[in-house]
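**Student:** Quick note, the sequences are listed as chains A, B, C and D, same order. Every letter in the first sequence is one number past the one before it in the numbering used here, and letter 94, counting from 1, is 94. Every letter in the second sequence is one number past the one before it in the numbering used here, and letter 4, counting from 1, is 4. Every letter in the third sequence is one number past the one before it in the numbering used here, and letter 73, counting from 1, is 73. Every letter in the fourth sequence is one number past the one before it in the numbering used here, and letter 46, counting from 1, is 46.
In case anyone wonders, no lab produced these hints; they're calculated from the structure. Worth double-checking, as some hints may not be accurate.
To be verified - Label-pair distances were calculated between CB atoms; the ranges are: (1) B:Asp95 - C:Lys108: 54 to 64 Å; (2) D:Gly115 - C:Gly115: 22 to 32 Å; (3) B:Glu93 - C:Lys69: 11 to 21 Å; (4) D:Arg39 - A:Glu97: 46 to 56 Å; (5) D:Pro94 - C:Lys30: 41 to 51 Å; (6) D:Glu53 - C:Lys108: 16 to 26 Å; (7) A:Glu97 - C:Lys30: 24 to 34 Å; (8) A:Thr27 - C:Glu53: 51 to 61 Å; (9) C:Glu101 - D:Asp31: 46 to 56 Å; (10) D:Gly46 - A:Asp59: 34 to 44 Å; (11) D:Leu34 - A:Ala73: 31 to 41 Å; (12) D:Asp95 - B:Gln63: 42 to 52 Å.
Claimed, not checked - Once the Cα atoms are required to be at most 30 Å apart in a straight line, the calculated DSBU-like pairs of lysine-lysine come out as: (13) B:Lys69 - A:Lys69; (14) C:Lys108 - D:Lys38; (15) D:Lys108 - C:Lys38; (16) C:Lys55 - D:Lys30; (17) A:Lys108 - B:Lys69; (18) C:Lys55 - C:Lys69; (19) A:Lys30 - B:Lys30; (20) B:Lys55 - C:Lys108; (21) A:Lys108 - A:Lys55; (22) B:Lys108 - A:Lys69; (23) C:Lys30 - D:Lys69; (24) B:Lys69 - B:Lys55; (25) B:Lys108 - D:Lys38; (26) B:Lys108 - A:Lys30; (27) B:Lys69 - C:Lys108; (28) A:Lys69 - D:Lys108; (29) C:Lys108 - A:Lys108; (30) B:Lys69 - A:Lys38; (31) C:Lys69 - D:Lys69; (32) D:Lys55 - B:Lys38; (33) B:Lys108 - D:Lys69; (34) D:Lys30 - D:Lys55; (35) B:Lys69 - A:Lys55; (36) D:Lys30 - C:Lys30; (37) A:Lys55 - B:Lys55; (38) A:Lys69 - C:Lys30; (39) B:Lys38 - A:Lys38; (40) D:Lys38 - A:Lys108.
C-beta atoms are modelled at their ideal positions from N, C-alpha and C, and glycine is treated no differently.
There are 4 protein chains.
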Amino acid sequence: MSEFEVPVPAAVDAPPAEPAPHVHGYTANKDAYLRRLKRIEGQVRGIARMVDEDKYCIDILTQVAAVTKALHAVSLGLVEEHIGHCVVGAASEPDPELRAEAIDFKVKEATDAIGRLLR
Amino acid sequence: MSEFEVPVPAAVDAPPAEPAPHVHGYTANKDAYLRRLKRIEGQVRGIARMVDEDKYCIDILTQVAAVTKALHAVSLGLVEEHIGHCVVGAASEPDPELRAEAIDFKVKEATDAIGRLLR
Amino acid sequence: MSEFEVPVPAAVDAPPAEPAPHVHGYTANKDAYLRRLKRIEGQVRGIARMVDEDKYCIDILTQVAAVTKALHAVSLGLVEEHIGHCVVGAASEPDPELRAEAIDFKVKEATDAIGRLLR
Amino acid sequence: MSEFEVPVPAAVDAPPAEPAPHVHGYTANKDAYLRRLKRIEGQVRGIARMVDEDKYCIDILTQVAAVTKALHAVSLGLVEEHIGHCVVGAASEPDPELRAEAIDFKVKEATDAIGRLLR
Numbered sequence: 001m002s003e004f005e006v007p008v009p010a011a012v013d014a015p016p017a018e019p020a021p022h023v024h025g026y027t028a029n030k031d032a033y034l035r036r037l038k039r040i041e042g043q044v045r046g047i048a049r050m051v052d053e054d055k056y057c058i059d060i061l062t063q064v065a066a067v068t069k070a071l072h073a074v075s076l077g078l079v080e081e082h083i084g085h086c087v088v089g090a091a092s093e094p095d096p097e098l099r100a101e102a103i104d105f106k107v108k109e110a111t112d113a114i115g116r117l118l119r
Numbered sequence: 001m002s003e004f005e006v007p008v009p010a011a012v013d014a015p016p017a018e019p020a021p022h023v024h025g026y027t028a029n030k031d032a033y034l035r036r037l038k039r040i041e042g043q044v045r046g047i048a049r050m051v052d053e054d055k056y057c058i059d060i061l062t063q064v065a066a067v068t069k070a071l072h073a074v075s076l077g078l079v080e081e082h083i084g085h086c087v088v089g090a091a092s093e094p095d096p097e098l099r100a101e102a103i104d105f106k107v108k109e110a111t112d113a114i115g116r117l118l119r
Numbered sequence: 001m002s003e004f005e006v007p008v009p010a011a012v013d014a015p016p017a018e019p020a021p022h023v024h025g026y027t028a029n030k031d032a033y034l035r036r037l038k039r040i041e042g043q044v045r046g047i048a049r050m051v052d053e054d055k056y057c058i059d060i061l062t063q064v065a066a067v068t069k070a071l072h073a074v075s076l077g078l079v080e081e082h083i084g085h086c087v088v089g090a091a092s093e094p095d096p097e098l099r100a101e102a103i104d105f106k107v108k109e110a111t112d113a114i115g116r117l118l119r
Numbered sequence: 001m002s003e004f005e006v007p008v009p010a011a012v013d014a015p016p017a018e019p020a021p022h023v024h025g026y027t028a029n030k031d032a033y034l035r036r037l038k039r040i041e042g043q044v045r046g047i048a049r050m051v052d053e054d055k056y057c058i059d060i061l062t063q064v065a066a067v068t069k070a071l072h073a074v075s076l077g078l079v080e081e082h083i084g085h086c087v088v089g090a091a092s093e094p095d096p097e098l099r100a101e102a103i104d105f106k107v108k109e110a111t112d113a114i115g116r117l118l119r
């Protein structure tokens with residue numbers, strides 16, 4: 001959880017009846033992400049079952065590669081929504097100095113996250 | 001499951017009381033693998049929870065990268081045991097022609113699996 | 001070369017004496033990139049020399065991994081500057097409809113490029 | 001260069017007229033590797049040219065991804081030949097104790113090299 005996780009500006013003026021405390025880029029596709037993660041969780045359980053049933057190592061490796069690929073796809077989706085939402089959000093900050101700072105921060109943060117995926 | 005998944009020769013002469021139908025390279029460390037996969041399964045569930053609770057995208061990405069890394073470590077363990085067990089097993093085939101063929105097959109198979117991990 | 005490669009808005013009002021036809025995110029660090037790529041080129045030549053001199057395969061693999069890592073670092077630098085420059089540039093488009101379109105295009109393009117790096 | 005890089009046993013008894021001091025798994029395909037590395041070197045030079053000519057960052061990233069992929073292919077070839085030659089070579093050591101040790105060493109070394117590629 002990040003200290004930089006900010007409620008979207010709209011929420012400030014919103015009537016108290018409307019909660020929506022945090023809206024991230026992925027929120028619109030939340031159900032799709034949860035379904036994909038559920039499926040990945042099942043795949044990991046399937047790999048454990050293969051190990052437990054002494055399946056052939058190469059077949060297990062193939063499944064591990066498939067899960068890694070599925071996680072990469074989830075990552076890319078999150079990166080896309082992060083850039084399109086959080087980075088672009090920083091770019092809409094009206095004060096030029098704060099904007100430059102916010103953009104730098106968000107871009108650095110996104111690039112670091114991508115770097116962790118590449119490693 | 002692969003059609004090339006062979007019971008180890010020893011099992012052929014083993015008394016029927018001893019089951020052990022398939023012994024792969026990872027069998028000796030089976031419990032350790034199952035524990036690691038259990039932990040990975042929990043991590044994936046944790047990521048789903050983060051999405052569900054609208055956590056910050058970058059923090060989710062960090063967790064996804066951690067799971068990918070944990071899966072890589074599992075893969076490497078399996079690759080190590082596959083090479084040390086199945087490839088080396090093929091190399092102990094007494095008939096030279098069959099041996100060359102078995103080695104080629106096992107090495108190709110291992111390399112293809114590593115290639116799928118790299119992609 | 002992309003058909004979407006646009007001269008920066010500033011260039012439009014710039015006096016004709018100032019050329020600067022394309023300014024990309026990486027332009028400010030161009031010399032640093034050229035130096036890094038020169039070093040990578042030398043590393044690749046070094047690997048060829050190792051192969052030519054029949055060096056040990058594992059040592060060659062270590063060098064190949066080092067070059068791959070250096071290329072990843074270059075990629076990450078380009079991604080960072082692309083997001084901070086081109087994506088953020090799209091976000092400064094005054095017309096809201098064009099802006100949304102430009103952002104979507106740039107973000108998709110960046111994510112696709114990151115996806116190609118992950119594969 | 002590794003201290004474990006050993007001349008093949010045959011070379012020990014070979015007449016001094018016959019040089020061939022080191023024969024590795026990749027030696028048979030040496031020319032093909034040198035051609036591939038030459039091409040990769042040219043690709044890296046092409047990327048530097050793109051940077052120098054201020055090409056669009058995304059197009060540069062696409063080229064960097066292509067070079068990374070080409071290096072992965074070279075790595076996989078080396079891994080395949082290393083396993084099929086050096087690991088299998090260790091498995092042909094007649095003394096069982098030395099053999100077990102040699103196999104363990106070679107397999108560990110190969111897996112570590114693959115691990116460096118995955119990172």
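**Student:** Does each hint fit the structure? Answer for all of them.
**Tutor:** Against the structure, the hints:
1. B:Asp95 - C:Lys108: 54 to 64 Å: For Lys108 (chain C) against Asp95 (chain B), whose Cβ atoms are near 57 Å apart, the range 54 to 64 Å holds.
2. D:Gly115 - C:Gly115: 22 to 32 Å: With Cβ atoms ~23 Å apart, the hint holds.
3. B:Glu93 - C:Lys69: 11 to 21 Å: violated, 38 Å
4. D:Arg39 - A:Glu97: 46 to 56 Å: Holds, at about 48 Å.
5. D:Pro94 - C:Lys30: 41 to 51 Å: violated, 60 Å
6. D:Glu53 - C:Lys108: 16 to 26 Å: Holds, since Glu53 (chain D) and Lys108 (chain C) (Cβ atoms, about 25 Å apart) stay within the stated range.
7. A:Glu97 - C:Lys30: 24 to 34 Å: holds, 26 Å
8. A:Thr27 - C:Glu53: 51 to 61 Å: With a Cβ separation near 57 Å, Thr27 (chain A) and Glu53 (chain C) satisfy 51 to 61 Å, so the hint holds.
9. C:Glu101 - D:Asp31: 46 to 56 Å: holds, 51 Å
10. D:Gly46 - A:Asp59: 34 to 44 Å: holds, 40 Å
11. D:Leu34 - A:Ala73: 31 to 41 Å: Since the Cβ atoms of Leu34 (chain D) and Ala73 (chain A) sit about 37 Å apart, the hinted range of 31 to 41 Å holds.
12. D:Asp95 - B:Gln63: 42 to 52 Å: holds, 49 Å
13. B:Lys69 - A:Lys69: holds, 12 Å
14. C:Lys108 - D:Lys38: This hinted pair is violated, its Cα atoms lying about 33 Å apart.
15. D:Lys108 - C:Lys38: Outside the cut-off at roughly 33 Å; violated.
16. C:Lys55 - D:Lys30: holds, 11 Å
17. A:Lys108 - B:Lys69: holds, 22 Å
18. C:Lys55 - C:Lys69: holds, 21 Å
19. A:Lys30 - B:Lys30: Roughly 35 Å between the alpha carbons, so the hint for Lys30 (chain A) and Lys30 (chain B) is violated.
20. B:Lys55 - C:Lys108: holds, 23 Å
21. A:Lys108 - A:Lys55: violated, 43 Å
22. B:Lys108 - A:Lys69: Between Lys108 (chain B) and Lys69 (chain A) the Cα gap is close to 22 Å, so the pair holds against 30 Å.
23. C:Lys30 - D:Lys69: Measuring from Cα to Cα gives roughly 24 Å; hence the hint holds.
24. B:Lys69 - B:Lys55: holds, 21 Å
25. B:Lys108 - D:Lys38: holds, 25 Å
26. B:Lys108 - A:Lys30: violated, 41 Å
27. B:Lys69 - C:Lys108: Between Lys69 (chain B) and Lys108 (chain C) the Cα gap is close to 26 Å, so the pair holds against 30 Å.
28. A:Lys69 - D:Lys108: Satisfied, since the Cα-Cα distance of roughly 26 Å is no more than 30 Å.
29. C:Lys108 - A:Lys108: OK: Lys108 (chain C) and Lys108 (chain A) at ~18 Å, within 30 Å.
30. B:Lys69 - A:Lys38: The hint holds at about 19 Å.
31. C:Lys69 - D:Lys69: Roughly 12 Å separates the two Cα atoms, so the pair holds.
32. D:Lys55 - B:Lys38: violated, 47 Å
33. B:Lys108 - D:Lys69: Roughly 19 Å between the alpha carbons, so the hint for Lys108 (chain B) and Lys69 (chain D) holds.
34. D:Lys30 - D:Lys55: Since the Cα atoms of Lys30 (chain D) and Lys55 (chain D) sit roughly 35 Å apart, the hinted pair is violated (cutoff 30 Å).
35. B:Lys69 - A:Lys55: Given that 30 Å is the threshold and the Cα spacing comes to 23 Å, the pair holds.
36. D:Lys30 - C:Lys30: Violated - the C-alpha atoms of Lys30 (chain C) and Lys30 (chain D) are around 35 Å apart, more than 30 Å.
37. A:Lys55 - B:Lys55: violated, 37 Å
38. A:Lys69 - C:Lys30: violated, 33 Å
39. B:Lys38 - A:Lys38: Holds, at roughly 15 Å.
40. D:Lys38 - A:Lys108: With a Cα-Cα distance of about 35 Å, the restraint between Lys38 (chain D) and Lys108 (chain A) is violated, given a limit of 30 Å.
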